[in-house]
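Chains as they are written, first to last, in the working numbering: chain A, 1 to 472; chain B, 1001 to 1472.
Watch out, some of these pointers could steer you wrong.
[What the hints assert, rightly or not] If you want a taste of the chain B side facing chain A, the calculated C-beta under 10 Å gives, among others:
no., residue
1, L1032
2, V1033
3, V1130
4, V1273
5, G1283
6, S1297
Worth flagging that the hints you see were computed from the coordinates, not collected in a lab. Since the structure is predicted, the reported quantities are computational estimates derived from the model, not experimental observations. Using N, Cα and C, we set each Cβ at its ideal position, and we do this for glycine too.
Number of protein chains: 2
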Amino acid sequence: MADTIFAGISPYSTLSSYPLLATETNPENASLVLAGVLVSLIVIYFASKLGGEICARINLPPVLGELVGGVVIGVSALQLLVFPESGNSASDSLIVNFLEKTAHLNPEAAESVFSSQSEVISLLSEIGVVILLFEIGLESDLKELIRVGPQAAIVAVVGVVAPFASGTVGLIYLFGIAPIPAIFAGAALTATSIGITAKVLAELNRLSSKEGQIIIGAAVLDDILGIIVLAVVASLVKTGEIQIINVVYLIISAAAFTIGAILIGRLFSPFFVALVKRMKTRGQLLLTALIFAFSLSYVATVIQLEAILGAFAAGLVLAETEKRKELEEQVVPVADILVPIFFVCVGAKTDLSVLDPTNPTNREGLIVAAFLIAIAIAGKVITGFTLFGQPELNKLAIGVGMIPRGEVGLVFAGVGAASGALSESTNAAVIMMVILTTFLAPPLLRIVFKEPLPTPSPENVAVETVQNSENK
Amino acid sequence: MADTIFAGISPYSTLSSYPLLATETNPENASLVLAGVLVSLIVIYFASKLGGEICARINLPPVLGELVGGVVIGVSALQLLVFPESGNSASDSLIVNFLEKTAHLNPEAAESVFSSQSEVISLLSEIGVVILLFEIGLESDLKELIRVGPQAAIVAVVGVVAPFASGTVGLIYLFGIAPIPAIFAGAALTATSIGITAKVLAELNRLSSKEGQIIIGAAVLDDILGIIVLAVVASLVKTGEIQIINVVYLIISAAAFTIGAILIGRLFSPFFVALVKRMKTRGQLLLTALIFAFSLSYVATVIQLEAILGAFAAGLVLAETEKRKELEEQVVPVADILVPIFFVCVGAKTDLSVLDPTNPTNREGLIVAAFLIAIAIAGKVITGFTLFGQPELNKLAIGVGMIPRGEVGLVFAGVGAASGALSESTNAAVIMMVILTTFLAPPLLRIVFKEPLPTPSPENVAVETVQNSENK
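Sequences are here, hints too, so could you generate the full structure?
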């Protein structure tokens, strides 16, 4: 095996695509996978900046531009960035075609390069949302979150119960849909995409406002509630009954994790600061913080929660240390290169063909979709107004902040379709609901928050982000 | 396909590993791959910081600690981080075992999770070295590099010719090795690992010294010469003759790329600055710079050069703009999270079993290795002394800076072994030479440079790096 040491990281592996060395095929692919990933990143960054800049100029949230930029380069339009999970093969990907034309990628190797490159980009996008939630946690205020905890809990619970109940009942009685698919579609209405809302709030400089913290707290709780709802619904579909023990397990582990992470984290944070202060090598603060964040993310995954919850908890804990400001400054460039990959991929993986009314299946779905969209928006908007007697709160903004379903809502559709519970048209309706709420929420949020707080200087966003958290 | 939109980026995909939803296997793997990558990164960051901090305390370069940290967690020792390319399977990886025990990874899925996770980590390490060379380029001074160009060229050419000639001749006449394997082993002596040397120079605050710039310039030229030497040798082995046309093509394309990238880059850079100034969204400078760097990397790959040469050229060009300082500050955290992955992976993929003298094949190789190591060191150390009449230069330091072969030298061994030109014992000898030069060079460099310039403050390395480049 000695001859393969260092294989795959060799800067020279390009050489094996050189005709003289055609005997080796693995290093050739390794080098072409790097080439494919670099081209994908160029396309992703270009789409995110072009979309973001256009949106910033027409007074829409830049993250909407990143999503739309993703749609434009993705499966629905240019097909530059497509993924095997959506049923696309190497020949559908314009990037793979480009590699074949320019970088001597031979067609036999194309499928394997395509699958590797897609895997790497998907994983970078997942790390992107982990880093985003870590950054959101860092910019959040644990004390404020605990203080708004009861309000966030009301918003989260109402935002799950109201759309679920009205959606399910409406589908059964208005559209004559059978109970099981109706329950599944209703469950898909409960989700909230914390990533999209948090990003818009950060762009509006409202993350640390009371409304912002209620929305973040509620969205985090909603994520946990969503996991429980999905488990309950899936168990109902599969066995016809609810496995109480699993539901209880999820509730206990979610509560234990959240409280445990914060308590242990608080015990650990003085040790963290002391350790970082004694370290002498480059990147000591950032890498130690990431070790902590990734560890909590892993623990969250292990107990069937989500990696992003762990990253958020880690950010919250480290936000309480004296290193917060320095760490925030260092996380900004890391988030800048990873987070756009997430949003552009969400856009690129969105298949707009379900919106095409010339397809009969879609037409049937469109009517159901219109109903679902109405419930999806109304069911979340009312959540803010359940917070009685606090006239200073922008209740509409809180409700609007809970609207986007994003990728989370689609998991319900995916699980539903895979289990056979959802018909094709109901499934299409759920997807339309998710797309619309996801793309509508950023501009709506901007409208209900009137205008951004102290306008960001275009010159130095790193500084601005830090100031933002200092101003709270 | 609608049901799979967003698949693979879903934060909820964890759920499918939940027993209730066992019907879906793909999302399950996707979530476990993320878990595997997170654990790998935790292990890599921990090893790099532990190794780096220990080395910093015993006055050795931290990057040596990252390499040794990699060896400790890699294939030679703990087997936490192993790679399929080295012939390891999922069951060899302690991280995969850990996932099986903690994260409900079932053994059937282990091989696929292992291969995906290894692919992602390998690719992150490749992006790491691309970012490293981009940062080195940013911290280099194009005018200074051009000024030291003739000296760098002498160092590079002597550093290729001297070890190649003496190594090949010695192997043939002293050890009776056949000409073809002798030429191959000789060729492996010509390489220089720019990554390791540049990193040590940066750690010693010597990157912008005249010696530092000569070493960087020579190492870059050496990379290009190495590609040419490898092409020549491989063609010789394969066809028994040298295909002049390919060699000429490589020389012309390398020269055209280097000059073209810098000229076009200089024309482009005012446009770059103007564009970045007009952009309003977060990360505008960093992402625009990375689009440029990745584009040049891709072009370098396409014309059979290396991605890292493109990234270096992009850094050089952007170093001349007024945005240099701001960009350097933003690249530091990105390099901090990606570059250690590269060095730890180099260590983890190093198989120290070739050094075991109880294995008879190794014993035969050990004598040849001793000879190769002597030539490898002497052949590079003399390069500095070919720069006559410049008494102010630390000539020993220049020669020592060219010693580490790193991953580059191993590609020669890999190609040689794959083509059947190298016997097992000669191959093992080449690998021993590479390991020793790689691990010896960092401490030797520190000795010949006496001590680091203005001692780095442990508190704020980002600022220090910038000051460093301002002070030049």
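Exercise for the section: Mind listing which of the numbered hints don't hold for this structure, in increasing order? Expected result: Those not satisfied come down to hint 4.
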